[in-house]
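2 protein chains.
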Amino acid sequence: MRNPQFVEEHIGLAYGAGGGAMRALIEQVFAPGFDDVPGGVGLSAMDDGAAIPLGDGYLVITTDAHVVQPIEFPGGDIGRLAVCGTVNDLAMMGATEPAGLACAVIFEAGFPRALLEKIWASMRDACREAGTTIVTGDTKVMRAGELDRIAITTTGIGFARRIVRDNGLRPGDRLIVTGTVGDHGLAILATRKELAIEGKLASDVAPINTLIRAALAAGGAGIVAMKDPTRGGLASALHEMADKSGTCIVLDERAIPVRDEVRSIGELLGIDPLIVANEGKAVIGVAPEAVDAVLAALHEHPLGRAAAVIGTCTLERPRSVIVETGFGRRLLTEPDGELLPRIC
Amino acid sequence: MRNPQFVEEHIGLAYGAGGGAMRALIEQVFAPGFDDVPGGVGLSAMDDGAAIPLGDGYLVITTDAHVVQPIEFPGGDIGRLAVCGTVNDLAMMGATEPAGLACAVIFEAGFPRALLEKIWASMRDACREAGTTIVTGDTKVMRAGELDRIAITTTGIGFARRIVRDNGLRPGDRLIVTGTVGDHGLAILATRKELAIEGKLASDVAPINTLIRAALAAGGAGIVAMKDPTRGGLASALHEMADKSGTCIVLDERAIPVRDEVRSIGELLGIDPLIVANEGKAVIGVAPEAVDAVLAALHEHPLGRAAAVIGTCTLERPRSVIVETGFGRRLLTEPDGELLPRIC
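Sequences listed follow chains A and B, in order. For the first sequence, position 240 matches number 240 in the working numbering, and the numbering has no gaps at all. For the second sequence, position 251 matches number 251 in the working numbering, and the numbering has no gaps at all.
If you're looking for bench data, these hints aren't it; they were derived computationally from the structure. As the structure is a prediction and not an experimental result, all values here were calculated from the model. Be a bit skeptical, because a hint or two may be false.
Note that identical chains are pooled: a pair holds if it fits in a single copy or bridges any two copies.
Said to hold, decoys possible - Once the Cα atoms are required to be at most 25 Å apart in a straight line, the calculated DMTMM-like pairs of lysine to aspartate or glutamate come out as:
| hint | residue 1 | residue 2 |
| --- | --- | --- |
| 1 | K118 | E146 |
| 2 | K118 | E9 |
| 3 | K193 | E338 |
| 4 | K193 | E108 |
| 5 | K118 | E27 |
| 6 | K118 | E8 |
| 7 | K118 | D35 |
| 8 | K118 | D36 |
| 9 | K200 | E267 |
| 10 | K118 | E194 |
| 11 | K200 | E129 |
Whole structure, please, built from the sequences with the hints as guidance.
Below is the structure:
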């Protein structure tokens with residue numbers, strides 16, 4: 001992995017933004033000195049979760065803290081986000097039937113019970129959609145002024161016969177994205193800025209485990225890598241996949257599905273939809289011979305209608321992401337995310 | 001369960017304090033509508049964690065958010081606390097060999113890297129003591145002023161052949177506490193108040209999974225209930241055990257091990273050591289015939305030297321905890337914890 005960046009003396013916003021600074025923090029501070037998981041996937045792999053060998057498969061575990069602001073936004077709220085984020089991370093490792101979720105909630109004293117009940121109803125609904133439940137939890141309350149309202153950490157466990165990593169790309173593989181990109185991030189940013197156009201935008205936050213299950217059933221071993229483009233967006237996910245596999249990803253910009261309203265708001269705010277979080281999408285690396293079957297399976301699922309092949313894996317410039325715009329080529333830079341805190 | 005209390009319109013500090021208010025919140029808001037775990041232990045059981053049937057045993061999962069203030073205190077820091085809290089909750093369910101921990105850290109922007117490295121070293125050390133490792137994690141950063149420095153949520157998974165619940169007490173069973181009580185809570189409170197005497201006090205924070213393993217090996221099925229007396233202290237743990245089993249616990253006050261310095265600070269602050277958190281202790285319900293073996297096993301372990309039989313389970317006043325003082329009897333009231341926020 002290339003992470004020349006050195007972690008500074010103070011942890012700034014970029015360190016939570018899913019890009020290079022965060023990876024440097026993990027590599028330089030978090031991961032060193034912890035044992036790896038023999039035969040599995042541990043902390044140093046920096047994948048979407050861990051995998052512990054169990055019987056003839058793996059136990060998969062993944063955790064995420066959620067501090068999205070605002071708490072409620074078009075298309076969802078922090079509760080739905082927490083459940084979906086965790087369910088989707090499990091799915092990205094190949095565990096599409098979550099065995100259960102654990103949930104720890106930290107409140108600022110004075111948090112309204114009515115809003116909590118609304119958020120909790122969202123969590124229940126999202127759990128039902130994903131076919132799972134919350135099995136255990138914890139509650140802490142900080143004094144007024146010590147926390148901006150609420151933080152929710154969800155941890156998921158599941159089982160997988162085969163682990164799909166985010167580092168499995170090989171030259172020739174195709175990249176599929178399961179739907180439109182930029183919806184969540186731009187919906188959040190538009191809501192924060194109280195843009196009048198916001199009514200047309202909504203977060204894509206959804207559990208995509210059944211979608212991924214269908215893709216895995218169709219593609220089998222032809223699915224070689226998966227990652228959900230959350231913080232840092234499609235750009236960050238692709239950079240990480242290219243880095244870890246040592247390959248180059250060449251994108252066809254015109255093939256990347258972006259809603260018109262997302263594109264418009266992105267232009268208004270000066271923010272590229274490719275660098276903001278998605279919360280109901282996956283990037284899937286697929287061997288050429290499995291592309292048609294995987295794409296057909298995705299298109300049949302309500303959450304995969306807009307799935308598209310967006311690029312190809314090559315060796316021309318290892319660890320890079322190149323965009324073919326139709327008029328030429330440019331390198332896709334990785335966002336540092338510092339300007340987009342609390343997007344999830 | 002008796003929880004006549006009704007959750008108020010705003011979530012106050014008591015709701016995170018481990019007592020009746022928190023249990024009411026779980027019963028009235030968190031647990032309803034979530035599926036139970038067939039053949040296992042789910043959210044509505046309000047135990048130290050969940051148990052999901054797996055093979056001829058169970059997968060155990062437990063989660064805890066940590067917001068202790070101050071971050072560093074005599075005997076430990078928030079990192080050690082996070083690892084031990086989770087390892088100990090797993091052990092309380094019977095899973096004394098943790099398979100791995102997940103850790104989500106939320107920072108306030110500007111958190112010093114040097115302090116993070118110190119905390120992280122504590123986590124590594126505590127993991128080594130417990131024989132486990134951190135397998136996956138997440139990092140979020142909130143803006144300055146949005147969080148008081150740091151919050152760490154740890155989730156643990158483990159396997160157990162037999163689940164030990166916190167509701168298993170029967171009339172005639174004995175209650176053992178594995179060591180002195182009140183150490184953690186009074187060390188934190190003394191540190192906050194900058195009491196000169198604080199040097200003599202230290203938190204008991206430690207992973208007690210190997211201690212519990214030894215007790216279970218010695219006591220077998222004679223160990224009928226376990227709970228770690230964290231928030232709300234020994235009083236809250238015993239109340240919950242009495243409530244859930246429908247029994248009465250009669251304590252011998254003179255048998256409860258309390259360090260002299262803890263007693264002194266408690267008197268100075270007007271706080272009963274029985275109502276403040278412990279972070280390296282367990283309350284174990286033991287059938288009479290297994291008491292000697294369990295006590296001997298505890299005494300052999302460095303963390304169990306002060307273990308003592310502190311009470312007996314009866315039916316005289318179901319769902320109550322009675323203290324025999326040597327001069328008479330009193331009911332032990334359950335703390336509401338509102339005055340002791342961020343103790344863990």
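Outcome of the hint check:
1. Proximity of K118 and E146 under a CA criterion of 25 Å is satisfied in both settings, with 23 Å inside one chain copy and 23 Å between copies.
2. In this assembly of identical chains, K118 and E9 lie within 25 Å of each other by CA distance solely across copies; the values are 13 Å between and 40 Å within a copy.
3. Taking CA atoms no more than 25 Å apart as the test, K193 paired with E338 passes inside one copy only; the shortest distance there is 17 Å, against 37 Å between copies.
4. In this homomeric assembly, K193 and E108 come within 25 Å of each other (Cα to Cα) both inside a single copy, at 24 Å, and across copies, at 23 Å.
5. For the homomeric pair K118 and E27, the shortest alpha-carbon distance between copies (16 Å) is at most 25 Å, but the shortest distance inside one copy (38 Å) is not.
6. In this assembly of identical chains, the alpha carbons of K118 and E8 lie at most 25 Å apart only when taken from different copies (15 Å versus 39 Å within one copy).
7. For the identical chains of this complex, K118 and D35 are inter-copy neighbours only, at 18 Å across copies versus 40 Å inside a copy, given an alpha-carbon limit of 25 Å.
8. When the C-alpha separation of K118 and D36 is checked against a cutoff of 25 Å, the pair qualifies only between copies, where the shortest distance is 21 Å, while the shortest distance within a copy is 40 Å.
9. In this assembly of identical chains, K200 and E267 lie within 25 Å of each other by CA distance solely inside one copy; the values are 15 Å within and 62 Å between copies.
10. Taking the shortest Cα distances, K118 and E194 sit within 25 Å of each other inside one copy (22 Å), while across copies they are farther apart (41 Å).
11. Proximity of K200 and E129 under a CA criterion of 25 Å is satisfied intra-copy only: 24 Å inside one chain copy versus 54 Å between copies.
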